[in-house]
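Engineer: Here is what each chain is made of, one letter per residue.
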Amino acid sequence: MTSSSEGDLQKQVENLKAGIREVAHEINNPLGVMRMALYMMQAHKNDQQKQEHYWELLNASIERIEEGLKRLRALRENPQAPPPLPPQSTS
Amino acid sequence: MSTPTTYKKPLGVGQVATICRVSKKTVLNWIYDGALKAFTTYGGHYRIWPVNLKKFLDASGMDIPFDYVDDTITHILIIDDEKPFAQMLTSVITAELPTVDVFTTEDPYEGVLLIGERKPHLVIFDARMQHIDGMRLLALLGKRKATHGIRVLVVSNHVTAETKEQWTKAAADAVLDKQVDVSVLVRTVATLARSDAHELQELLAVKKNNRGRS
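Order-wise, the sequence lines are chains A and B. The end of the first sequence is residue 120 by the working numbering, with every number in the run present. The end of the second sequence is residue 216 by the working numbering, with every number in the run present.
Careful: at least some of the hints might be erroneous.
[Said to hold, decoys possible] List time: in silico DSS-like cross-link candidates among lysine-lysine, alpha-carbon distance up to 27 angstroms:
id, chain 1, residue 1, chain 2, residue 2
1, B, Lys57, B, Lys85
2, B, Lys166, A, Lys46
3, B, Lys85, A, Lys99
[As the list claims (entries may be wrong)] Far from chain A by the CB rule (all over 10 angstroms, computed), these chain B residues:
id, residue
4, Phe68
5, Phe87
6, Thr107
These are calculated hints, taken from the structure and not from any lab test. Note that CB positions come from ideal geometry on N, CA and C, so glycine has one too.
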């Protein structure tokens, strides 16, 4: 293996590591939100308005997790590319 | 027109009597009847928190202007650049601990300003946010802890044995992973959020109960 290809491989590994770290972080945040939303849904079983509000939060969190997984797939297909920017936080 | 006095500390029976324009004996009767909530000091004197006097005045329909700062309310500041997380955490804390006042910011720099302006009893923040050195913020909070008794809870996705030790050494009273069980999170916040006022009330209540038993 030439030093140049070794260097490329090293870069790919570093990119993968950085990407995985970032995606893990991106996925953990909505997971925390989902955990709390489920807790609140349980606490307000009879409040339809709150149920809908937390339901929306759950959906938004699932979408963020899907975004993270898309980024992970993109990274697998092209390990040399820098990880794309994370999606903006939604309220 | 004179500015009305704003009461912040627990009031004595004499002060309440003056505010309500009644005799001390009347105030004592309100306390004995349970209409006005009071606690006793170690020396056996009655004290009334302004919030309880306000409740009494409202319930009794007495038309007496009374302005106060509620020192029994615990103020919690959440600093997290993850807006959905901060919002959800606020909802959970507000639902589970109704006597706390929670305010949030996504901007760590605004957070620093809010710590100075609103003097929260507890600051909850992620020590790994973009655009700010979390360790530096912890160091600043550490200084404030010494003078203002502020409590610090770090909630982060980056909790390892190493970071936990680092943050605890710097100023954190507790460090929790963002994936922690919600009931553990609530319990930790409840423990840390107890203001001096609450502790004083609880201490006095325990002493009163002990005296009652002996």
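Engineer: For every hint, state whether the structure bears it out.
Structural biologist: Against the structure, the hints come out as follows:
1. B:Lys57 to B:Lys85: Given that 27 angstroms is the threshold and the Cα spacing comes to 35 angstroms, the pair is violated.
2. B:Lys166 to A:Lys46: Satisfied, since the Cα-Cα distance of roughly 22 angstroms is no more than 27 angstroms.
3. B:Lys85 to A:Lys99: Given that 27 angstroms is the threshold and the Cα spacing comes to 22 angstroms, the pair holds.
4. Phe68: holds, 34 angstroms
5. Phe87: violated, 5 angstroms
6. Thr107: Holds, since 13 angstroms exceeds 10 angstroms.
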